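These protein sequence lines are chains P and F, in that order. Positions 28 to 112 (my numbering) are the ones given, in order, by the first sequence. Positions 21 to 497 (my numbering) are the ones given, in order, by the second sequence.
What the hints contain is simulated information worked out from the structure, not anything from laboratory work. Quick caveat, the model's predicted, so the values are computed rather than measured. Just so you know, even glycine gets a beta-carbon here, dropped at the ideal spot from N, CA and C. The reader is advised that the hints may include incorrect statements.
Claimed, not checked - Ranges of calculated distance between the beta carbons of each label pair, as one might list FRET restraints: (1) P:R81 x F:A88: 45 to 53 angstroms; (2) P:R81 x F:S72: 41 to 49 angstroms; (3) P:R81 x F:H93: 52 to 60 angstroms.
As the list claims (entries may be wrong) - Mimicking EDC-like on lysine to aspartate or glutamate, the simulated pairs with C-alpha atoms at most 20 angstroms apart in a straight line are: (4) P:K73 x F:E266; (5) P:K73 x F:E143; (6) F:K453 x P:D50; (7) F:K259 x F:E174; (8) P:K73 x F:D253.
One-letter residues, chain by chain:
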Amino acid sequence: MTAVSPPTQNTLEPHMTVIGYLDPGTGTLIVQAVLGGAAGVAVLVKTKGRRLFRRGDAAAEAATTDTAATAAEGDETPVATGSSD
Amino acid sequence: MTDEHSDAPSSTRPATFDPGSYRDPGSRVVRRGDDVFRLLDERALTDWERLSATSFFRREVAAGRIAATEPDHAVAGDFPGAWAGALRHERIPVVSYPYEWTFSMLRDAALLQLDLLAAALDEDMILKDSTPFNVQWRGARPVFIDVGSFEQLEKGEVWVGYRQFLQQFLYPLLLAARVGVPFQPWLRGQPDGLTADQLQRMMSARDVVRKGGMLHVALPARAERRYREEGRDVRSELKAAGFRKELIQANVRGLRRIVEGLNRSDAAGRWDRYAADFAHVAAQRAAKSDFVTTHAASHHNRLVWDVGANDGHFSMLAASHAEYVLALDADDVVLDDLYGKLAASGVRNVLPLVQDVANPSPGLGWRSAERPAFAERSAPDLVLCLAVIHHLVVARNIPLRAVVDWLADLDARVILEFVPPDDPMVRGLTANKRPHEIHRDYDEASLRRYLAERFVIDAEQPVPSGNRRLFALRPER
């Protein structure tokens with residue numbers, strides 16, 4: 028009888044949001060709000076997901092706090108899509 | 021069909037945990053003899069009870085789109101571990117993987133996944149993952165096998181499997197349909213699928229602005245870059261911000277529209293007009309068909325391999341005399357046409373699989389055992405090897421003796437067509453090779469010498485026009 032051990036969370040990168048046994052991907056989770064259409068945009072705004080639509084380099088962005096980022100120039104309004112495509 | 025048959029009752033036979041079923045600690049597949057069980061922990065058992073009470077589950081099982089599943093909790097105690105319950109699943113004839121499917125097969129599997137997800141959402145359940153490895157085939161009909169993937173949808177929860185759906189279903193399909201690159205080698209090399217960033221780098225600006233490109237490729241790629249370093253609990257944040265089921269349902273509807281509209285790009289196919297383009301194919305087919313029918317019908321065949329199946333003509337002949345037939349070909353385009361033909365026909369026991377016998381699927385994943393090699397998943401008792409041998413020996417430079425040994429090691433009866441060096445098709449293959457670059461023993465006399473060492477020739481006959489020859493072979497035991 029062969030029992031295969033399940034992977035432990037220790038083997039995963041520390042920055043991953045691990046809930047359940049599948050890594051859902053932080054960024055892709057946030058995208059889901061947009062894909063729900065106009066109703067999702069409100070959710071996106073509340074979760075500070077607006078950062079998704081700002082210009083600027085990702086590394087610099089990650090180093091900046093959300094408060095500072097909100098004050099940054101080049102803010103774009105979230106794209107409200109009527110349908111998911 | 022990969023398991024040895026035995027008269028011993030299942031309960032006395034050794035049990036093995038499925039090497040591909042370890043990711044979900046609460047739901048594991050175990051095989052014992054011909055039986056397939058799924059062991060459930062407390063939480064998974066609750067989800068099962070909820071699932072079995074839904075109307076969509078009964079409906080989809082009856083339609084054959086979810087594998088037939090019955091509770092069999094008494095067996096749970098037979099296996100190591102503290103299991104709260106167990107289910108018994110129907111057996112799938114031959115297990116196959118997405119890197120062996122054609123474009124339309126992956127697309128149909130994606131549609132099945134989305135349809136089941138939509139049906140589950142209507143009854144407040146969700147599929148917690150979305151991998152094509154949860155889909156298998158009965159002939160050309162997809163069947164969802166991972167009953168353990170359904171769970172209750174908590175209020176405000178996101179679709180955790182969305183990224184997996186993108187990486188393992190949508191991106192491979194977009195790669196083939198929009199970029200014109202077959203997805204099979206990519207999925208074989210990276211079974212977790214393509215990342216948004218990888219696909220975006222391969223797409224042209226025009227591809228990105230086409231349907232689905234912005235929202236499901238460019239946006240997730242950007243989001244993954246932007247939120248890469250964060251340890252935020254986005255799931256809770258989204259829930260607090262008012263995320264709800266309707267947002268998932270809108271996303272699933274949109275994805276379905278995109279997937280439905282995707283068509284394969286035909287750039288890669290070379291063999292899709294084989295029967296129509298070559299006069300010899302039509303002229304010789306009648307005689308070959310008679311020979312194949314006679315020697316396929318002479319035995320009961322559980323599993324037939326049709327190597328180099330092309331348009332599936334001989335696979336379909338064999339299907340009348342076999343429980344199951346694998347139509348194998350390295351050309352995904354010609355096989356995709358066959359899949360379409362089979363899906364529309366009444367033939368239920370032919371499965372087309374993209375498989376180059378000179379480079380068959382290896383064992384992949386954790387310890388190379390998670391996804392077993394092709395040969396470990398299917399043991400044929402009859403192999404059709406028609407108009408293939410010259411491709412192996414002349415085009416791929418595999419020694420003739422090695423090809424005979426490979427066939428003999430399959431331990432199956434073989435219907436072999438020998439295509440001699442003076443055949444116009446062989447001359448086409450050798451046009452750009454010098455004589456010393458071709459194995460010198462590629463001739464009928466050498467073939468007979470090698471066959472004599474490993475096989476008994478039950479019957480043989482010439483193919484009309486030209487010097488091709490058919491052999492019905494039985495392994496020497």
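Evaluation of the provided hints:
Under the hint 45 to 53 angstroms, the C-beta atoms of R81 (chain P) and A88 (chain F), about 51 angstroms apart, fit the expected range. Distance hint for R81 (chain P) and S72 (chain F): a CB-CB separation of about 47 angstroms, consistent with the stated range 41 to 49 angstroms. Under the hint 52 to 60 angstroms, the C-beta atoms of R81 (chain P) and H93 (chain F), about 54 angstroms apart, fit the expected range. Of the pairs offered as hints, the one joining K73 (chain P) and E266 (chain F) holds, with about 17 angstroms between alpha carbons and a cut-off of 20 angstroms not exceeded.
Distance hint between K73 (chain P) and E143 (chain F) is unfulfilled; the C-alpha atoms sit about 28 angstroms from each other, more than 20 angstroms. Straight-line distance between C-alpha atoms of K453 (chain F) and D50 (chain P) comes to about 51 angstroms, which puts the hinted pair past the 20 angstroms bound. Distance check on the hinted pair: K259 (chain F) and E174 (chain F) sit about 10 angstroms apart at the alpha-carbon level, within 20 angstroms; holds. Using a Cα cut-off of 20 angstroms, the hinted pair K73 (chain P) and D253 (chain F) holds, with the two alpha carbons roughly 14 angstroms apart.
In summary, the structure is inconsistent with hints 5, 6 from the numbered list given earlier, while agreeing with the others.
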